[in-house]
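Given chain V's structure and the hints, the job is docking chain B onto it.
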Amino acid sequence: MSENRFEQHAEKLSRDELLEYYKDIDDGTILKKLTGRGAKLLSAPRGAGKSMLFKKTYYKCLDSIDHPLPVYTNYSQYFRVEDAGHNRPTALITFRRWVLSKIILSSINSTDYLNIAALSILEQFEINPTQLTRFVESLEGGTFDETEIELSPDKTCEILLAIAKMANRKRVILLLDDAAHAFTPEFQREFFDVFRGLNKFLVSPKAAVYPGVTSYGARFNVGHDAEIIPVGLEPENQSYLEHMIGLLEKRVLPEELQLLKKQDGLIELLAFAASGIPRAFILMCSYYIDAETRNPTKGASQNGWEAINEWNQYIETLYESISIKVPRFKNYIQCGSELYRYFLEAIKTYNYKNNKHSIYLAVEEKNSARYDMLIQFMEYAGILFRRKQISQGESGLFNRYLIHLGLQIQHKTLIKSRGRSYRQLVEFIQRPDNVNHRISYLSLLSGKLDERCSLELPPCPVCRTPRLNGEAKYCMTCGSRLSDTSIYSEIIKQPINVLKITQNKKEALLRSGYFNTLADLLPENAIEQLYRIDGIGRHWANEIWQQAQELTLA
Amino acid sequence: MPIHDLFSPNTVLPEARVETTDYFTITPILYPSSPIDSYISQSNDIIKLATPAQLKTHPNLGGLVILGIVSFVEKYVRTILSSLVAINQNCRNRCYDMQIRFGSIDWYKHEQMGLALIDRDPLSGSKEIKAKILNIIGLDINKNESVKASLQDYENLCEIRHCIVHAAGHIGANNAQKLNLPEPYNSSVVSVNFGTIQTSIASMENLIRSLNLLICDHVITTNFIHETNPIFSKDWSIINEEFSRTARLFWCESDFGPLDDIKIKTTFDNLQLRFL
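Order-wise, the sequence lines are chains V and B. Heads up, the first sequence is in the working numbering, so the first residue is 1 and it goes up one at a time. Heads up, the second sequence is in the working numbering, so the first residue is 1 and it goes up one at a time.
None of these hints come from the bench; they were simulated from the model. These figures come from a predicted structure and were not determined experimentally. No false leads were mixed into what you were given.
Cross-link-like lysine-lysine pairs, in silico, DSS-like; alpha carbons within 25 angstroms at most:
1) Lys32/V / Lys170/V
2) Lys143/B / Lys127/B
3) Lys33/V / Lys200/V
4) Lys155/V / Lys143/B
5) Lys505/V / Lys325/V
6) Lys33/V / Lys165/V
7) Lys178/B / Lys200/V
8) Lys178/B / Lys155/V
9) Lys75/B / Lys130/B
10) Lys148/B / Lys155/V
11) Lys473/V / Lys56/B
12) Lys178/B / Lys127/B
13) Lys412/V / Lys500/V
14) Lys473/V / Lys75/B
15) Lys493/V / Lys325/V
16) Lys32/V / Lys165/V
17) Lys48/B / Lys473/V
18) Lys412/V / Lys348/V
19) Lys60/V / Lys170/V
20) Lys170/V / Lys200/V
21) Lys416/V / Lys348/V
22) Lys262/V / Lys250/V
23) Lys148/B / Lys473/V
Same shape as in the complex, but just chain B:
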């Protein structure tokens, strides 16, 4: 005689199975816009969901938006790093001694080896991001206060995301310690209101914008302005392709409008003028 039907009804429910292929759409490898533009577009899209009225009706919506934002940040970092491995010889040189799993080599195409390189590395924390940027690009972002401050916010949001993903928003001792929460919060649950969502999104936008500027400065300086490889000594026809790929990677369309060949050349000329 079963016992469980004394606790909850043993109703026969229609079958429901997860078919994994239903959850994905096949997209081309190349990203339609620069990583920063993708980030801004995804972030702007998700912001509009979380209105005060929607948040009131759906209390879990705020947490989902936080998950989305953290995911967009991680995606930005992954894209920038893998793209630089694909287009930048200095970054490729730095990666020569790094190991890639066989499975990743088998799964990714040749031009996606950058993604294969960081495939198993979680980027859901400031330490991981700092380490990867240092190893692949050779840039120590610890020296930049703006990025450091925003990365601390990212670290906190990742910890909050942890509570949402693993305990339906309930906080654990480990999370509380990392978030530096005082004692009254030991029985608390993540509750994200309109103001906190707006602040989180603003802080992450600051992070992405600062990172984009910092990495761009570093890449342009080390590749095009470096003493041993001065930008002025090269003919445009030789440098055109390499410079265009770099410009497309860091260009922020939402600030400067769409990028075309004329704009790339103007940017190159302005850069030359600045360093002449």
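Chain V with its partners taken away, still in its complex shape:
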């Protein structure tokens, strides 16, 4: 088992590591759909295993001549490209070229793996890979590059099919990872316009998206243009624990598994606390193993609770970071934070007072775009998960949610007793008589939800009149153009105060003189510099660097 066994991101695993750690989420239906014809959208919150599925499909197809030629492309650098093209009329055209150029460059990776020289084909189509590489690198490095690259979705498909023919493959599948890694709807819409153009009889694009926050645009008809495949395991599923434990066995050493098993119910509880997100489960287990190895405890271990709290802190940071990434939604995120705490409190009160068993919450259906937006942001961060709507006769329809189980455990919503054990909580969650605690829409944020969820928009720079709404590009009083700032440049300018670390650590960073903003933490070598600062240490150096990366990605 390699050093990389706790690596959270599939993109960073080698082929052998990936195949060693991979475990099917279902009976293989998703993999079948990914290798098959037709456009598909893999939808799930972060860490649910989308990249793992893509990578598994990629190697599966590469390794068998009977499968189509796979091309795996990762678009996680969206933000940098958006920033480079900010306020330029050709931003979308350049972005389109970037999307297609990356596909062509990724096809070279596939042919390299198969030991096929595809350069002659590119020459035939007058494509210069060195020029494409330079173009992609300069954009991702933050320099706007208007190099004319004659690439259209049609031409890209022609090139790919010619390469596939050379590789003795009949079809091509495009695995477009992190496809919704942007918060600018214009870029997302452009992406899905290209995606639609890439869908041909012998070329099938597949993209990884997030639930709720992805903008497909008017031209893209979800369901018709591409089938949505939800990814992820539901903790309520009977085979859930079996699957998660199977996944864990592939990642940990036998002695580490024994360490986890020493605490009755710990593995199961951590699996539930992950709420269906494998990355969360692996991370919590690794945290526990690390903490127990360094600082073994006797009896009921505190380290298990801390592992859960660590992950909860991560998802809360991720959720709150939306207001940094999309400042106009700051009020929404603030309201959302209050709302999910209210949800947790509501479940707690219900369970404590009535001695009932509830892990769900059902909120009265109300046609409110603002409420939907609030819920979508929470879904994106994995704070809550939608479940099937329920009808309560005359009381109407209710939207049913599973609130993140890790947060429920941390906030003690389930069991009143002080000395709760891992096993007790596992049994509570597994009870088949779990009911839905219903609450009215009007009780949310004391009935002021719609009033409080307003966009935070800067006023007119000339006459200071407030912006009319989020769509306004001109001041409706003086007619002046309203300027938008680049999201990325704003994000990286954030002070280190936004990091979820102790005040002492923040002060230590500031004292060093090297780290004042998130931008200072982004380079790879920042970890080494962080490690050298007194009071930070190896674990926190990594943690701080990871947080900075997460906060600056979509």
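Positioned in the frame of chain V, the structure of chain B alone reads:
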């Protein structure tokens, strides 16, 4: 026995006639500001009409604003081209072989011959604009990605304008094809909301600003910095008039404030410094 009164009442209405002279105000030939400033001022004026509340009350207002914006763009291009023909010898040279209708010569004054030259040419499409700029100024704007992108937007807005002008907003097969609209839109009607108006105006402002910069660069380079006619070799007293006319044509008052003789001279000096 008339039949039509069975379908609609045959009411006697008061007479209404279109008297064409009532529709125009006589204005001086010279434009009070540069073409770009005229564009920005007209565009800023029309933006303020289309508030979300007004658009809700008057659903046709959005379409009218689109007509206005397209018209302002066309007017900008017409003014820049005709003014350059009037003040720039290189452009005049390029036009020597072009033909003007007799009617246009008869109607326009001598200093308006630039307008006469493009009088019958529609500029409501990107192809026409590109061709005219190439023929009169000698500038190939196909090489500039920013302008090309914005001109595509202009082309689309012209097509939308077509639907508004000729079919009260209903889309025809030809329009749908040119706009690259998918099938569900085959029974659609132009419906312009606040967001789309704001985006249209922003895109057209980008077009005008990019065009103004591009043409200005080209004219200044070919007339004042060209190897055979270097700006440095000429005395200010000789070049003053020609340079001032060019500067006034491209100056953007809304960005740099009003233009006066001192600013013109400073601009000239800065230009010299940049190329020394």
